[in-house]
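Asker: This is what each chain is made of:
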Amino acid sequence: MPEHCLARNSRTAWRVYDGEAVILLAEDSTLNTLNAVGTLIWEGADGKTPVSALVSRICEEFDVEPAEAERDVTAFIGKLCQRGLLNVAASPHEVP
Amino acid sequence: MDDLSIAIAGLRTAIVTRDREVPELIRDRYKGFVSAGTPAWRLEIDVRPAGSRRADDDVLVSREGAYARYTVSRGDFAGTVDLRERRATLTLGGANEYSIDSFLRILYSLALVSVHGVIVHAASLVRNGRARLFCGPSGSGKTTLARLSPDAELLSDELSIVRISEGRARCHGTPFWGELARAGTHQAAPLGGIYFLSHGTGHVLNAVTPRQALQRLLPNVLFFAKDADLTARVLGIAAALVEAVPCFDLSFRLDPGFWEVIDRA
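Chains H and D, in that order, are what the protein sequence lines are. Take 473 as the starting number for the first sequence in the numbering used here and just add one per residue. Take 455 as the starting number for the second sequence in the numbering used here and just add one per residue.
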């Protein structure tokens with residue numbers, strides 16, 4: 473997972489207010505809101521940035537230990553993938 | 455062949471039909487919104503003999519192959535909406551106002567997006583020259599609040615239309631009613647505030663941030679298409695609205711005192 477890249481589902485529309493994202497999914501109009509850490513991951517899901525770089529940023533900005541951050545980020549990515557918001561690829565070339 | 459036009463929120467639609475009952479039905483149901491002038495949209499209505507189709511089925515709105523062309527169907531009607539051509543068709547299982555009204559709500563929810571407008575599950579009232587939008591799902595008190603406001607002009611007790619241009623939002627009267635069974639007045643007024651309703655034991659108003667307002671507003675926006683581009687545009691309009699207009703949670707009890715807390719804010 474650390475060197476995998478994340479990409480936002482292109483069928484989402486979103487806005488960030490005060491560091492927190494509001495995301496609307498076209499398929500079913502479901503609304504998701506993310507806290508500051510989740511929003512950092514969401515904004516970093518650009519199809520190029522590896523997960524390890526996002527974990528490093530979270531450790532710096534939120535004063536979290538790397539092992540804990542990686543565990544939490546992995547669980548969070550799993551949730552967003554389940555909801556159809558994120559895609560994960562082994563490299564930037566494979567991002568759908 | 456008979457034709458007439460109705461105008462809702464500044465969008466005029468020519469109704470074209472060969473049916474003999476439909477024009478009269480529309481003149482009666484949408485009186486106050488029947489309007490002469492050059493139409494922006496054209497809706498062709500065809501009536502087939504009534505079958506066993508049901509009006510309580512789910513509405514299906516799906517994009518056809520062509521960009522900006524949608525098919526709309528429910529048990530009691532089938533139609534198309536072409537956003538590029540500004541043309542819609544509607545085939546009814548029988549000439550009844552409920553089917554026409556349901557289709558018009560969908561048509562306008564799609565057509566308004568191109569003029570930066572949305573239909574919101576909200577009552578709207580004009581008082582002292584400014585419109586107030588009272589937003590919430592069924593049972594939240596929209597009709598009650600309209601009934602408690604005899605000195606305000608009704609724009610709608612159920613489905614309100616807001617359009618925004620250059621950061622200025624205006625709320626428009628609609629013929630889409632709820633329990634009140636009365637159309638709003640055909641007028642528009644600057645939108646002075648958005649209020650998210652809940653029942654309470656007193657009148658309490660709390661300002662909410664644009665993020666909180668967007669979270670509360672979006673589930674109340676009438677929107678059927680599962681299209682990514684339209685979804686992004688609807689989100690953009692809703693975001694522009696909550697950034698342009700003060701937004702509040704309003705807990706109210708069953709008396710007109712809520713206007714005092716609104717006026718004081």
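These are calculated hints, taken from the structure and not from any lab test. Hints are not guaranteed to be accurate.
[As the list claims (entries may be wrong)] Looking from chain D toward chain H, a few residues come up when the C-beta cut is under 10 Å (computed): (1) Leu458; (2) Arg466; (3) Glu518; (4) Tyr521; (5) Gly632; (6) Glu633; (7) Asn660; (8) Ala661; (9) Arg665; (10) Leu668; (11) Leu672; (12) Ala682; (13) Ala686; (14) Val688.
Since the structure is predicted, the reported quantities are computational estimates derived from the model, not experimental observations. Where is the CB? At the ideal position from N, CA and C, for every residue including glycine.
Asker: Work down the list of hints and note, for each, if the structure agrees.
Answerer: Consistency of the hints with the structure:
1. A distance limit of 10 Å between C-beta atoms decides the matter here; for Leu458(D) the minimum to chain H is near 34 Å, and the interface restraint is violated.
2. Taking 10 Å as the C-beta cut-off, the interface hint given for Arg466(D) is violated, the closest approach to chain H being about 29 Å.
3. Here the hint on Glu518(D) is broken, as its CB sits about 16 Å from the closest CB of chain H, past 10 Å.
4. The closest approach between the C-beta of Tyr521(D) and any C-beta of chain H is roughly 15 Å, which is over the 10 Å cut-off, so the hint fails.
5. The criterion of a C-beta within 10 Å of any C-beta in chain H is not met by Gly632(D), whose closest approach is roughly 21 Å, and the hint is violated.
6. For Glu633(D), the shortest C-beta to C-beta distance to chain H is roughly 25 Å, which exceeds 10 Å, and the interface hint is violated.
7. Hint status for Asn660(D): violated, given a least beta-carbon distance of 17 Å to chain H, over 10 Å.
8. Using the Cβ-Cβ criterion of 10 Å, the hint placing Ala661(D) at the interface with chain H is not satisfied: the shortest such distance is roughly 14 Å.
9. Proximity of Arg665(D) to chain H holds as hinted, the smallest CB-CB distance being about 3 Å (cut-off 10 Å).
10. With its C-beta approaching chain H no nearer than about 5 Å, Leu668(D) sits inside the 10 Å limit, and its interface hint holds.
11. Interface hint status for Leu672(D): upheld, as the beta-carbon distance to the closest one in chain H is roughly 5 Å, under 10 Å.
12. For the restraint placing Ala682(D) at the interface with chain H, the shortest Cβ-Cβ distance is roughly 4 Å, inside the 10 Å limit, so the hint holds.
13. Taking 10 Å as the C-beta cut-off, the interface hint given for Ala686(D) holds, the closest approach to chain H being about 4 Å.
14. Taking 10 Å as the C-beta contact cut-off toward chain H, the hint placing Val688(D) at the interface holds, the least distance being around 8 Å.
In this structure, the earlier hints numbered 1, 2, 3, 4, 5, 6, 7, 8 are contradicted, and the remaining ones agree with it.
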